[in-house]
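Heads up: the protein sequence lines correspond to chains A and B, in order. If you count the first sequence from 1, position 282 lands on 279 in the numbering used here, and the numbers rise without skipping. If you count the second sequence from 1, position 104 lands on 113 in the numbering used here, and the numbers rise without skipping.
Keep in mind that a hint or two might mislead.
Claimed, not checked - Calculated pairs, EDC-like style, for lysine to aspartate or glutamate (alpha carbon to alpha carbon, straight line, at most 20 Å):
no., chain 1, residue 1, chain 2, residue 2
1, A, 89, B, 83
2, A, 204, B, 83
3, A, 177, B, 54
4, A, 171, B, 57
5, A, 171, B, 54
6, B, 53, A, 174
7, A, 177, B, 83
8, A, 171, B, 60
9, A, 246, A, 207
10, A, 184, B, 91
11, A, 177, B, 45
12, A, 89, B, 90
13, A, 205, A, 163
14, A, 208, A, 310
15, A, 168, B, 60
16, A, 208, A, 156
Said to hold, decoys possible - Now the in silico label distances, taken between C-beta atoms and shown as ranges:
no., chain 1, residue 1, chain 2, residue 2, range
17, A, 97, B, 108, 27 to 35 Å
18, A, 108, B, 102, 20 to 28 Å
19, A, 275, B, 61, 54 to 62 Å
20, B, 76, A, 296, 45 to 53 Å
21, B, 105, A, 177, 20 to 28 Å
22, A, 97, B, 105, 30 to 38 Å
Keep in mind that the hints were calculated from the coordinates and are not lab data. Glycine is no exception: its CB is placed at the ideal position from the N, C-alpha and C atoms.
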Amino acid sequence: MNGNAGKSRRPFTFFGGKGGTGKTTCATAYAVWLASIGRRTLLVSTDPAHSLSDALGVPLSDKILPVCDNLWGIEIDAALEAKRYIGDIQDKMLSIVSPVIVDEIRRQMEIAYMSPGAEEAAIFDKFVELMEDLGNPWDAIVFDTAPTGHTLRLLSLPEILGTWIDNLIAKRRKSLELFKMAGRFEKDLMKRAMEDPVIESLTRRQKKFEKSRQYLTDSASSTFIFVLNAEKMPILETARAIELLEKYKIPVGGVIVNRVIPPEAGEFFAERLIAQEEYLRDIERRFGSKKIVRLPLLRSDVQGMKQVNVIADLIGEIDA
Amino acid sequence: MTDGKWDMREIFERVKTGLKALGEWLWMFVIASFLEKRTVAIRKEAWDMNDNFMLLLFGDYLGLPNPISYYTLELLPYMAEEMVPWQRRIMNRQSVAAEKAAQYDFT
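Okay, chain B solo, but in the shape it has when bound (with noise of 0.2 Å):
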């Protein structure tokens, strides 16, 4: 009786482990295949909108007049970590087309 109530709980922790192991897994599946895909996605767009908020706050350090280029120097201080970075990207943009089409799964 003993040994079968061993076995029981045995049994039933396996399944546990198991089903935990296996809704893991699903949960990374999800994430690898839908949620994370997404996300990427989303990132990309997040920065490459912060990239364009930046051409509008100091486009004119590029050769684009910007009438309130005294206004946005304030904001430098915020966005110098980002300012380097930025010019070299900026600067070296091959092809947007290609840019944008890297965002999209095509395979």
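For reference, chain A alone in the conformation it holds in the complex (with noise of 0.2 Å):
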């Protein structure tokens, strides 16, 4: 334990890489590292396949649970959170309109709720969620994500959609000036243009977004780290994420390579081993100018937090 707990007062630290790579060992490993460095930590999954509780062999759920000293972990359900988002907006709408109406548009709300991006909304509200409670009682928060291309897209809402409300404030706001103008002689039409839910709702919107891209730009609050093995194509896949967040300006801030076979691996991996030379010197030249931890391949699967104390200090590298 090298007790640096200066290096990552970073609050945020989100985990990508390919699917199979071991995002969500490193991840808990992390998360255990900082917990053991005396920073109180949340450690986050989207996993639907709960992955996160059998790497801890604890139990988790949709609530907030601690696991050990220092450490809590939460595992995000998109559709159900997807689901509780939709009953609250169904609730407000029993509230304004009458039955009937709502009734005759029950099918638009089905529409949305399979829409695609509808549980990557969800999971991105909930994180958004998640990181403005920091500091109650965690301060640090570790983000395992779904598989590379689902994690981009989620990243990269705040920036798409910020554009796609902002124009549709523009919009509104052109709509109820006319209605003023027109309304002169007419009180319901003035009475409507005044008093806007709409706009208002979208204003609040807008500022999440707007929060939610300062959050993820900052590298002083947050962090990517990719996970990925000495072979051909989780290389090319992070090299394409990499590119994409930088586009974005999110920062990464480190690669881990995963499951390096140890020389003294035996004559079965010797020709592996110098394929293996071969790519590690590639991610060098790719990702050398960020911080590039090496994991060996063990000789069993990390399972349970004994196993995951092993190889936490070793992540804990990638902040030093």
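The two chains are supplied separately, each in an independent frame; assemble them into the complex guided by the hints.
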């Protein structure tokens, strides 16, 4: 333990990478390491397969539960979050409009629930909610994200949607302006233009997106760590993903090369070792500007607290 | 003398009502031929823009993909009343050009 708490004051760390490279294990080990140097850490997973519970050997749920000293865990259930969100809207609707109309547009609500991106948006909302809740009582959050494609879509949301919402607000303003002009001789129309909950609601959303963009793009508050193996496809995918994240100005802090075959592995691995050398050089070449940490292939897979502790200190190097 | 005074007052009253009626008539004339016509055009434009706004919010119900349909859903409670007539309107559009032309007075 190097007790290097000063360097890792950053509150948000995201772990990403191609499926099967060991994201969850690395995220768990990192969170355990943070907890061991005295930071109150929350470990967040979005994996519907609940692999975080398996990695920790501790059952988790969609509520925040304590894992051990300084460590809490939560498994976000995207479908459940989306259902909750839509349920809230339905309740609000019933208090504003007549049940007849609610019944007529129930179909619309179902379409929105099924629409592509609904689950990503639900996860994103939950992320932001957790981020806003920082310091209560945890002061660091480690996100174990879904495989690369989904994650990138998720993190680019505020950038894309922000623009969309800006345009919507401008359009609505213009339309209200016209209603005001037309409503000079008509009370109903005037009333409609003066009190508009739509702009209010859109502005609230816009502010939320802005805030999350701030969180994500500030290297003092968040960083992204990629987990990959010394193999061709994970390297290519990571390179593409890093390029995209940098386009959205999301800081990438480092890469973890997981399951590096140690030289003493024996004859069976001889050929793979040679290929691995080449890939490791490639990784140095491509990601040399970032922190690179190598994790050796272990004798058994990493499962449960005891084994996570073994690699926790190695992962901690990423902050050194 | 008193009669003359009384007469004066009556004439004054009559002229006053006459002027008032004329003023009212003129004002109606102005509203009907200029202001009202203008507001009708503006009102039409306002509702058209409102329809377009609805399309941006809820276009996916008509089959147009919308990247933020999940978030526009929270506006549905405020727009719900307009939803059904809007859908009927937008699905029944015959000619956009004719709609636009109807805004202008060609006669």
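Quick check: which numbered hints come out false for this structure?
Going through the list in order, the structure violates hints 7, 14 and respects the others.
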